[in-house]
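Visitor: Position one of the sequence shown corresponds to residue 1 (this note's numbering), numbered consecutively onward.
Straight-line distance between alpha carbons at most 25 Å, and here's what the computed DMTMM-like set of lysine to aspartate or glutamate pairs gives:
no., residue 1, residue 2
1, K45, E180
2, K220, E191
3, K220, D335
4, K185, D355
5, K215, E251
6, K45, D261
7, K344, E180
8, K220, E251
9, K344, D178
Ranges of calculated distance between the beta carbons of each label pair, as one might list FRET restraints:
no., residue 1, residue 2, range
10, D335, L73, 48 to 58 Å
11, N352, T265, 19 to 29 Å
12, P336, A84, 56 to 66 Å
Simulated from the structure, these hints should not be mistaken for laboratory data. Glycine included, every Cβ here is placed at the ideal spot set by N, Cα and C.
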Amino acid sequence: MKRPKLLFFVTEDWVFCSHRLALGRAAVNAGYEVVLVTRLREHKKLIEDAGIRVIPIEHQRGGLNLFSDFRVLLHLWSAYQMEAPNLVHHVALKPVLLGSLVAALAGIPQVNAITGLGWIFISKSTTAKFLSIVLTGFLRLVLRRGISILQNPEDQNWIVNLGIPISSTRLIRGAGVDIEKFPPKFKGLTEPPTVVLVARMLFDKGVLEFVDAAKQLRTKGVSGRFVLVGAPDQANRASVTLTQLERWQAEGVVEWWGYRDDIPTCYGQAHIACLPSYREGLPKSLLEAAACGLPIVTTDTPGCREVVRDEENGLLVPVKNSNALADALERLLIDPALRDNMGKRSREIAENEFDVEHVIAKTLEVYRELSA
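Make a model of the complete structure from these sequences and hints.
Guide: Shown next as structure tokens:
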């Protein structure tokens, strides 16, 4: 019997490998023929070794560009017609916007995973406000087909308020975390205590607030190392510049370790994880930090508060408030017992609620539902 075909559309190969490779591999093992449409850079072999066929596509990832996006639509139409998948899974806002239109025209059942609302829905600029109105109207039309996967209750409520039936949505909290790959390390860490922020170097990840909090704590004489892990993303208009990162490091405010593909090692050297983001779908970096048994300081905002229970496995602070961030970090920096207790609770939460196997099982159930 011919295997059912599942087609993913994800912006970048590294995004797929970081967030969806385990799901793709599980789909192969569940009997699907799996195809990925993505922009290829360095991860083709890793993806193909998982039994997934790749169709490369070039596109402008950041922002909206009518000419570039129209070319993507034509490419997607060709791919969807040629492959004739039984099901398509679009991951993140731009693939959802473009892919859902093509899938609707082609009559293909679709899963739309909205992993966060992006700068357009965060920024207060006139351009962003205009685009958010346009995109909201478009989403109201295209999300009526198939099933939408949301990562936090606030995003699910937002979609429902657009007029999408709640029966057409599923709450699946994030991409999950491989708890075996991210083991806890409760002993053997060197002093002074180290605070690590793992993210793309974007202002809306709270990088500026993190640096400002580090400055405040250094001025007060609080002992600690403050580390940024991640690269700038020049395709994103919220990106911190390379010059700025190098300046902060030269000033001795923070250490910048750049892009790293060994995040378990980075967290293994940390005492505290921090992500003062303005808004998230559900941040994978915090799932990984929790699995590593770290106490977490993050913002009281959608996505982040799904991972952190205030005063339980970490501390929640207001968005864009470097003073409150500094105070929360100081509490953990000066109190090893509090760090240990919160870190152990983080690991429990990761094991019980965010194990990647739970996420995979729920997503495969969505596939079966649409294929029935």
